[in-house]
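Student: Sequence:
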Amino acid sequence: MNHRYAQRFDEARKRGRSALIPFAVIGLNGDESFIRWIDMLIDNGADALELGIPFSDPVADGPVIQKASAQALAQGITIRRAFSLIDKVRARHPSIPIGLLVYANLVVAGGIDAFYQNAQKSGVDSVLIADVPVHMGKAFEAAAQKFGISPIYIATSDCDSERLSAIGHHSNAFVYMVSRPGVTGTDLRPALSRFDFTRIRRYIDVPIVIGFGIDGPEAARQAAEMGFDGVVVGTALVKHQLADDVVECQTLMQALAQAVVRSQRD
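In this text, residue positions in the sequence shown follow my numbering: the first is 272, and each later residue adds one.
Fair warning: there could be bad hints in the mix.
[As the list claims (entries may be wrong)] Okay, derived cross-link-like pairs now, BS3-like style, lysine-lysine, Cα gap no bigger than 30 Å in a straight line: (1) Lys392 <-> Lys409; (2) Lys359 <-> Lys392; (3) Lys359 <-> Lys510; (4) Lys359 <-> Lys417; (5) Lys338 <-> Lys392.
[Unchecked claim] Cβ pair distances, simulated, as ranges: (6) Asn376 <-> Lys417: 16 to 24 Å; (7) Lys359 <-> Lys338: 21 to 29 Å; (8) Thr349 <-> Asp402: 19 to 27 Å; (9) Lys285 <-> Pro334: 34 to 42 Å; (10) Lys409 <-> Asp358: 26 to 34 Å; (11) Val518 <-> Asp358: 25 to 33 Å; (12) Leu344 <-> Val518: 36 to 44 Å; (13) Glu303 <-> Lys338: 17 to 25 Å; (14) His406 <-> Arg307: 38 to 46 Å; (15) Ser432 <-> Val379: 38 to 46 Å; (16) Ala385 <-> Gly498: 36 to 44 Å; (17) Asp467 <-> Glu303: 31 to 39 Å; (18) Val330 <-> Arg351: 17 to 25 Å.
Think of the hints as simulated: they come from the structure by calculation, not from any bench. These figures come from a predicted structure and were not determined experimentally. From the three backbone atoms N, C-alpha and C, an ideal C-beta is built for every residue, glycine too.
Please take these sequences and the hints and turn them into a complete structure.
Tutor: This is the structure we're talking about:
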């Protein structure tokens, strides 16, 4: 497993909590604002970062993140600038795990190897390609391995055993779990109550994080109590990023950081 992720998941487990992984859109509201935003997330409890490179057709994202992506593109963000900003984040925060959530067209456009090489140079630890399932990931995975990047795959609660085994086998940092197919920003709480976590653990032995619908502290608390190793919060935070509302987001991050502490240690 990537050493930064291994360290953070281990630290969280020893402290009886799930790792808190906020999502942010790279470059939204300008370079300086973005760097300040990341500093705020880390200062208020982020154990790792999940960063989105803006894309014109983000099919896995709900309306809030789509709007944020479109706004960042209108403000002039490019892949090159995105990697430059990641490089600045890495320089300021050497130990924080940094994951990218991207779409295949962004990776392929300038060459798969070139994308992963740039990711490595800027300090990225993992890449999740939202529209590439595990059975289509061979070329991306080869490049990821070549440049020391951890490939991340999405699994759903209704995956069959063969697919879960494949996802577990091809993931070496964590698996990104969603309760059902869909887009980000939908309410996850009803589905969490029906989640068969024991079955999932039979096939996946790397950390499992949950996302796509953690809409606030209560959902984060529920996910942590169920035993997820990490909790990704996207839309709820990006709403504040869109408004560049640091104070409100800071308050939410502090509440989330408290929510992911389990009532009993594993």
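Student: Determine for every hint whether it applies to the structure shown.
Tutor: To see whether the hints hold, each was checked on the structure:
The straight-line distance between the Cα atoms of Lys392 and Lys409 is roughly 22 Å, inside the 30 Å bound, and the hint therefore holds. The suggested pairing of Lys359 with Lys392 holds, with an alpha-carbon distance near 11 Å, which does not exceed 30 Å. Straight-line distance between C-alpha atoms of Lys359 and Lys510 comes to about 24 Å, which keeps the hinted pair within the 30 Å bound. Our distance criterion of 30 Å between C-alpha atoms is met by Lys359 and Lys417, whose separation comes to about 23 Å.
In summary, the hint linking Lys338 to Lys392 is supported, as the alpha carbons are separated by about 29 Å, within the 30 Å threshold. Distance hint for Asn376 and Lys417: a CB-CB separation of about 21 Å, consistent with the stated range 16 to 24 Å. At roughly 25 Å, the beta-carbon separation of Lys359 and Lys338 lies within the given 21 to 29 Å, and the hint holds. In this structure the hint that Thr349 and Asp402 lie 19 to 27 Å apart at CB holds, the actual value being about 20 Å.
For the pair Lys285 and Pro334, the supplied restraint of 34 to 42 Å holds, since their beta-carbon distance comes to about 38 Å. At about 28 Å, the CB distance of Lys409 to Asp358 agrees with the hint of 26 to 34 Å. Between Val518 and Asp358 the C-beta distance comes to about 28 Å, which sits within the given range of 25 to 33 Å. The given range of 36 to 44 Å is broken by Leu344 and Val518, whose C-beta atoms sit roughly 26 Å from each other.
Range check, Glu303 to Lys338: about 21 Å between beta-carbon atoms, so the 17 to 25 Å window is met. Separated by about 40 Å at the C-beta atoms, His406 and Arg307 satisfy the suggested range of 38 to 46 Å. Restraint check, Ser432 to Val379: a C-beta distance of roughly 31 Å breaks the suggested window 38 to 46 Å. Remark: the range hint 36 to 44 Å for Ala385 to Gly498 is upheld by a beta-carbon distance near 39 Å.
About 45 Å separates the C-beta atoms of Asp467 and Glu303, a value inconsistent with the hinted range of 31 to 39 Å. The beta-carbon spacing between Val330 and Arg351, approximately 23 Å, falls within the hinted interval of 17 to 25 Å.
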